[in-house]
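Hey, can you work out the whole structure from these sequences and the hints?
For the record, in the sequence shown the residue sitting at position 39 is 39 according to UniProt numbering, with numbers rising by one throughout.
It is possible that some hints are incorrect.
Simulated restraints on C-beta separations [said to hold, decoys possible]:
{"no.": "1", "residue 1": "C47", "residue 2": "D143", "range": "37 to 47 Å"}
{"no.": "2", "residue 1": "G107", "residue 2": "L175", "range": "37 to 47 Å"}
{"no.": "3", "residue 1": "G87", "residue 2": "D143", "range": "40 to 50 Å"}
{"no.": "4", "residue 1": "G145", "residue 2": "C47", "range": "37 to 47 Å"}
{"no.": "5", "residue 1": "T68", "residue 2": "G170", "range": "30 to 40 Å"}
{"no.": "6", "residue 1": "D46", "residue 2": "A86", "range": "24 to 34 Å"}
Honestly, the hints are just simulated from the structure, not real lab data. Given the structure is predicted, the values throughout are model-derived calculations rather than measurements. Glycine is no exception: its CB is placed at the ideal position from the N, C-alpha and C atoms.
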Amino acid sequence: MWLASGNNQIMSGFMVSPEQYNDTDLHFFVSWTADGFNATGCMDTDCQGFVGSTPPASVSPGSTVTPTSVYHGKQTEYTVTILQVAGNWSLIVDLSGENETVGYLPGSLFTGLASNATVVGWGGNAQSSSGAGPPMGSGHGPDEGDGVAAYVASIAVYDSKGNATAPAAGNVTSLTDAGDCYGASDYEVGKDDGGFFYYGGPQGCNH
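Written out as structure tokens, the structure is:
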């Protein structure tokens, strides 16, 4: 997920990146910038910015995350929350049924995000220096549904009073810049699970 205001952005979630981590495992990550990555920001703790919790949480930016979902089998869900607390952006993660505050990004790093976010987004990103796109999500398209396609669930946003609500469908726009490669299903609001959609696509696509 990511949140932004102007060219300020915070992004966090789970990714596979051989270039960043030198393996093909799933990793928890956080990235930030105050100027569209022109002169500020980085991934994880590659620069000064992110402040880890004391004592340390069981997971930190860059940590390997297991297990992962099984094709046509058990689906594993992890939760990431980015919440403004006392002017800073706290990063809260649930990997095992209990929320942990991993750390925070100081509000002083930002200009537009010093007070609030104006845009919030969820989904996937796929890129490769080789030209052929890697898989996004599970490597299957959103139309393949339960047990196959990756999904984002329990989507909610917080207001200034700390109340969490799922965005109304009419306030959510789907953006796909490589629709011949990857896709997303329609965003829906469920009674119990908040906002929800499937997303992803196969590897090997050129665009």
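Going through the numbered hints above, which ones does this structure break? Give me the numbers in ascending order. Hint 2 alone not satisfied by this model.
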